[in-house]
Amino acid sequence: MKEWRYWLAEQRGTLLAFAIFIVMFAIYSANHPAGFTANVVQTAANKGVLLAFVAMAQTLVVITAGIDLSIGMIFTLTNCMASWLVIGTGLETAFGVVAVLGTGLLCGAVNGAIVIYGRLQPIVATIATGAVYFGLALLLRPVPGGSVNEDLADFLTGRFFGVVPASLAALLVVVLIVWVPFRRSELGRAAYAAGSSETAAYMSGVPIRRGKFLAYTLAGLLAAIGGLFLTFFTYTGEAAYASGNAYTLFSIAAVVLGGVSLFGGKGSAIGAIFGALAFRTIGDLLFVFDFDPLWQPLFQGVILLIAVSLGAFALFRVRNRLEWFL
Amino acid sequence: MDGAAPLFRMEGISKRYGGVRALEKADLTVTAGSIHAILGENGAGKSTLIKVMAGVVAPDEGRMMLDGSEVSFASPAAANQAGIVCIFQELSLIPELSVADNIVISDPPKRFGMIDRKAQRRMAEEALARAGASDIHPLALVKDLPLSRRQMVEIAKALARKPRILILDEATSALTAADVAKIFGVLKRLREEGLALLYISHRMNEIAELADHCTVFRNGRNVASYAAGSKSDNEVVELMIGREYSHIFPPRPVRPESVAAPVLEARNLSWSGRLHNISLSIAAGEVVGLGGLDGQGQRELLLAFFGVLRGLSGQILVDGKPVSIASPAAASHDRVGMALIPEDRKTEGLMLPMTVRENLSFAALDRLSRAGFIDRGAEQRLIDDMVGLLAIKTAGLDIPVGALSGGNQQKVVIAKWLMRQPRIILLNDPTRGIDVGTKQELYQLMRKLADAGAAILFYSTDYDELIGCCDRVLVLYDGAVKRQLVGAEITEHALIASALNIHPRGEGAAKGGEA
Numbered sequence: 009m010k011e012w013r014y015w016l017a018e019q020r021g022t023l024l025a026f027a028i029f030i031v032m033f034a035i036y037s038a039n040h041p042a043g044f045t046a047n048v049v050q051t052a053a054n055k056g057v058l059l060a061f062v063a064m065a066q067t068l069v070v071i072t073a074g075i076d077l078s079i080g081m082i083f084t085l086t087n088c089m090a091s092w093l094v095i096g097t098g099l100e101t102a103f104g105v106v107a108v109l110g111t112g113l114l115c116g117a118v119n120g121a122i123v124i125y126g127r128l129q130p131i132v133a134t135i136a137t138g139a140v141y142f143g144l145a146l147l148l149r150p151v152p153g154g155s156v157n158e159d160l161a162d163f164l165t166g167r168f169f170g171v172v173p174a175s176l177a178a179l180l181v182v183v184l185i186v187w188v189p190f191r192r193s194e195l196g197r198a199a200y201a202a203g204s205s206e207t208a209a210y211m212s213g214v215p216i217r218r219g220k221f222l223a224y225t226l227a228g229l230l231a232a233i234g235g236l237f238l239t240f241f242t243y244t245g246e247a248a249y250a251s252g253n254a255y256t257l258f259s260i261a262a263v264v265l266g267g268v269s270l271f272g273g274k275g276s277a278i279g280a281i282f283g284a285l286a287f288r289t290i291g292d293l294l295f296v297f298d299f300d301p302l303w304q305p306l307f308q309g310v311i312l313l314i315a316v317s318l319g320a321f322a323l324f325r326v327r328n329r330l331e332w333f334l
Numbered sequence: 373m374d375g376a377a378p379l380f381r382m383e384g385i386s387k388r389y390g391g392v393r394a395l396e397k398a399d400l401t402v403t404a405g406s407i408h409a410i411l412g413e414n415g416a417g418k419s420t421l422i423k424v425m426a427g428v429v430a431p432d433e434g435r436m437m438l439d440g441s442e443v444s445f446a447s448p449a450a451a452n453q454a455g456i457v458c459i460f461q462e463l464s465l466i467p468e469l470s471v472a473d474n475i476v477i478s479d480p481p482k483r484f485g486m487i488d489r490k491a492q493r494r495m496a497e498e499a500l501a502r503a504g505a506s507d508i509h510p511l512a513l514v515k516d517l518p519l520s521r522r523q524m525v526e527i528a529k530a531l532a533r534k535p536r537i538l539i540l541d542e543a544t545s546a547l548t549a550a551d552v553a554k555i556f557g558v559l560k561r562l563r564e565e566g567l568a569l570l571y572i573s574h575r576m577n578e579i580a581e582l583a584d585h586c587t588v589f590r591n592g593r594n595v596a597s598y599a600a601g602s603k604s605d606n607e608v609v610e611l612m613i614g615r616e617y618s619h620i621f622p623p624r625p626v627r628p629e630s631v632a633a634p635v636l637e638a639r640n641l642s643w644s645g646r647l648h649n650i651s652l653s654i655a656a657g658e659v660v661g662l663g664g665l666d667g668q669g670q671r672e673l674l675l676a677f678f679g680v681l682r683g684l685s686g687q688i689l690v691d692g693k694p695v696s697i698a699s700p701a702a703a704s705h706d707r708v709g710m711a712l713i714p715e716d717r718k719t720e721g722l723m724l725p726m727t728v729r730e731n732l733s734f735a736a737l738d739r740l741s742r743a744g745f746i747d748r749g750a751e752q753r754l755i756d757d758m759v760g761l762l763a764i765k766t767a768g769l770d771i772p773v774g775a776l777s778g779g780n781q782q783k784v785v786i787a788k789w790l791m792r793q794p795r796i797i798l799l800n801d802p803t804r805g806i807d808v809g810t811k812q813e814l815y816q817l818m819r820k821l822a823d824a825g826a827a828i829l830f831y832s833t834d835y836d837e838l839i840g841c842c843d844r845v846l847v848l849y850d851g852a853v854k855r856q857l858v859g860a861e862i863t864e865h866a867l868i869a870s871a872l873n874i875h876p877r878g879e880g881a882a883k884g885g886e887a
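In order, the protein sequence lines correspond to chains A and B. Sequential numbering from 9 applies to the first sequence in the numbering used here. Sequential numbering from 373 applies to the second sequence in the numbering used here.
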C-alpha cells in the first residue's frame, strides 16, 4: 500500500465528518435567504463552536474507552462562574478567566481520579459528578443573570479583518495548544493505547493511569472553554439543566459523527469538531427550508441514526460470532 | 550448566493460584550468549515461570538474581527496564495503533516533550528490518494485519527495547515457515551478540535446531536440565511424564467396535486457517476425547459444532443427516440436541449475579414455557432433578450463583445444559480449576450420560482425564487431527508424543483420523 493511503485510512473518519459538514453547510448557505455571507458564517460559527468545544472534550474521554456524562454540566457550571468572575478591569477579567478554566480542570481531574483510582465505571461516576456540578451551578445562579466583560466578549465573538469569525480562530488556537500536543505526547498515546486494549497496554509498560487522568482533566478544561464562550455569546450565566444535558448528549452524537469510536482507541478531536459543526448545521437546515421547529429533534435523530449505522458494517466481517460481544 | 557465570538465576520460586500449585520451588539458570529451551506439558508451570520473570505475576516465595544481585519486578515495565523482555503468546499489541506506534510504545523517542514521529519511524523501520520483516509498513494499523504479521511486529517490538534476556513463549506458533526461518536467523544472531534467549515451544524440531540447553518442567518443578541433543525425543517424553495416576475414574465399558451408528459426524471441517480438514464421528454411548497441547484448534472445533463460527467449510451430520447449524440456538434446538459446556464459566456459562434457579433454567426456558409463560411447577421439578443428579451443594436455589464454590458453579453450568436433555454433549476443559472431589463426580456423570445414550466430545488439557474417561482420543496439532488413540493405546506417553507430533519408537502404528 502506498504511503498516502495509510494516511487516508487513518484520517478517514475525520475526512468523512468534514465531507458531511461541507455538504450540509453548502445546502444550508445556498438556501439561506442571505446567502453565503460573512454574517451567516459568523452566526453559524458561533453556534457551532460551543458544541465543538464540548465535543472535543468528550473525544478525549471517549478515546480512553470511557464516557463523560458530566461534560455538559461542567460547561454549565463554568458558564455560571464566568458570569460572576469574568468582569471588571483587564486584570480582574484575566483572573476570572484563569479561575474559570482552573475550575474546569479541577472538575475533569475529579472525574479522572474517581474513574481511575476509585475504579468506578465512567458512566456512573460522571452521572454523579455531573449532578454535583449542576448543583454548584444552581447555587451560583439560582436565577439567570450576571454579566461579562463585554469588550472581551465582543472581540471573541466578532470577526477578524471583517471576514474570519473570531470564535473559529479561537477554536483553532485551542486545537493547536491543547489537542495537537496531547495527540503527540507520550501520555496522549497512552490514552489511546488504554482505550484500544488496556491489557496489551499494561503488558507493554504504558503509563495507562497518567494517560487516562490527563484525558479526563483536559476534557474538563475544554468544557470550561466552551462555558466561557457561552458566557461571551449570551452575556449571562444560567444554570439550565436541559441545556447542560443536551450538550452532553449532542457531544456524544458529534463524536460519533466525527468518526471517534465509542469503544475507544480510535478517532481524533478534529473529526469531532467537524461532527459538531455538521450536527449543528443539520439542526439549522430545517429553518432555511421553513419547517416547523418542532421537526428539528426528529430530523436530527434520524440523521444521527443513519450516521451511526454506518459503523455497524464492520460486524459483517466477524468470523467468530463470540467476537460480536467483545 | 557450565561455562560462563550466569546472567540470571531463579531460586526456589513458588506460586499458587488458589489451591493450585503452579510453581513449586522451581530453579532456573540463564547464561548470556545461549538459547535455552523450556519444555513441559500443559500446566507444567512454564507460563507461570516466564510471567514471574517478566514481572506479570509476583512469586509467593523464592528469589531472582540478575548479574549476581537480587531483583524483584513490580510490573512488566520494571522487568523491561532491567532488560528482560518477553514476547507473550497472547499478543501484547494495541490493535488501533500503527505498527510504528506499537514498536516504540514503552519508550517513544521525544523532542521538546512530544513524540518525534520521524525518529519513531526510523526506529520502527530498523526494528522491523532486524526482525526480518521489512515487508510490513510502519504506518499500517496492527488490527489490519494478519496474525502471522502481528507476531513479527511483536518480535520487532521486543528487539526495539534492546533486551539482555529475550523470552519467546510459543512465538512461532502463528508464523509461516518462511517467517520461522527468518526468525531463527535473527535469534542465532542475537545469541552471537551475547543475549540470553529463553525459548518455549512445543515443536521439537525447532528446539533441536535452536537450543543450546534444555530444561524440562513437570508439576511446577524443573526436573531435568541437559545440553541440547544429549537426549532422544523418547527420553524427553519420559521426563515430561510422571504425574501420579489417580484411580478416580469410573470403569470403561467394554464394547464391540462400531456397533452403534454415529450420532455426530464431521466431514472435512476447515475454518479460517485454524482448522484443517477435520473429520470425526461419535456414536451414542461413546466418550471421545480431544487431546493435544493447548491452542491447537480444540476450542475452535467445539465452537464450530456449536454454530459459533462463520465461514466454516465442510459438513456436519447428525444421525447421518447433514445439518446446518447457524447459531448456538440452532445447535441446542431439540432437532439437533447439542449442548456445549464452555471453558470460561464466568463469562460464557453463568450470569454470576443471578440466582441458581434462573441460571439453571436459562437454556431450557423454551421447553418449560407454555404460551410464552414459564411453567413454574415444571421448572421446579426439573431443577430438583438436576440438583439431585449432580449433587449441587447450595444454600438455596434463590442465592446468586456467584456465591457457590467453583466446583458447584461448574455443576450448575452442566446441569443447565442437561435440563435440555441433549444427545450430543461437547465439553471444553470442564474441570479446570475445580477440586478433585467434584472432578470425580463429573467423570462419573459423564459416563452415566454416555451409558444413557449421549455422544460426548470432551476436550481436556489434563492427560489423566483423557486416559481415564475416554473411549477414544483424537490428538490435534495445528488444527488437524494428527492421531487417533483407541482404548489401551491411550497412555500418557502416547498422548504427549502425539501432542508434540513426534512418533517415539516402540509405539504401535499410528492410526490416522478416521472418516
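Treat the hints as calculated values from the structure; they're not laboratory data. Treat each hint with caution, since some may be false.
[Unchecked claim] The list that follows gives simulated cross-link-like pairs (lysine-lysine, PhoX-like), each with its CA atoms no further than 20 Å apart: (1) A:K10 with B:K490; (2) B:K718 with B:K765; (3) B:K534 with B:K560; (4) B:K515 with B:K534; (5) B:K515 with A:K10; (6) B:K482 with B:K515.
Keep in mind it's a predicted model, so treat the numbers as computed, not measured.
Hint check results:
1. Between the alpha carbons of A:K10 and B:K490 the distance comes to roughly 18 Å, so the proposed pair stays at or under 20 Å and holds.
2. Proximity of B:K718 to B:K765 is assessed by CA-CA distance (about 18 Å); at most 20 Å being required, the pair is judged to hold.
3. A threshold of 20 Å between alpha carbons decides the hint, and for B:K534 with B:K560 the separation of about 16 Å falls inside it, so the pair holds.
4. Distance hint between B:K515 and B:K534 is unfulfilled; the C-alpha atoms sit about 25 Å from each other, more than 20 Å.
5. Only pairs whose Cα atoms come within 20 Å are accepted, and B:K515 paired with A:K10 is accepted, the gap being roughly 18 Å.
6. For the hint linking B:K482 to B:K515, the alpha-carbon distance of about 25 Å lies beyond 20 Å, and the restraint is violated.
Violation of the numbered hints given earlier is confined to hints 4, 6; the remaining hints are satisfied by the structure.
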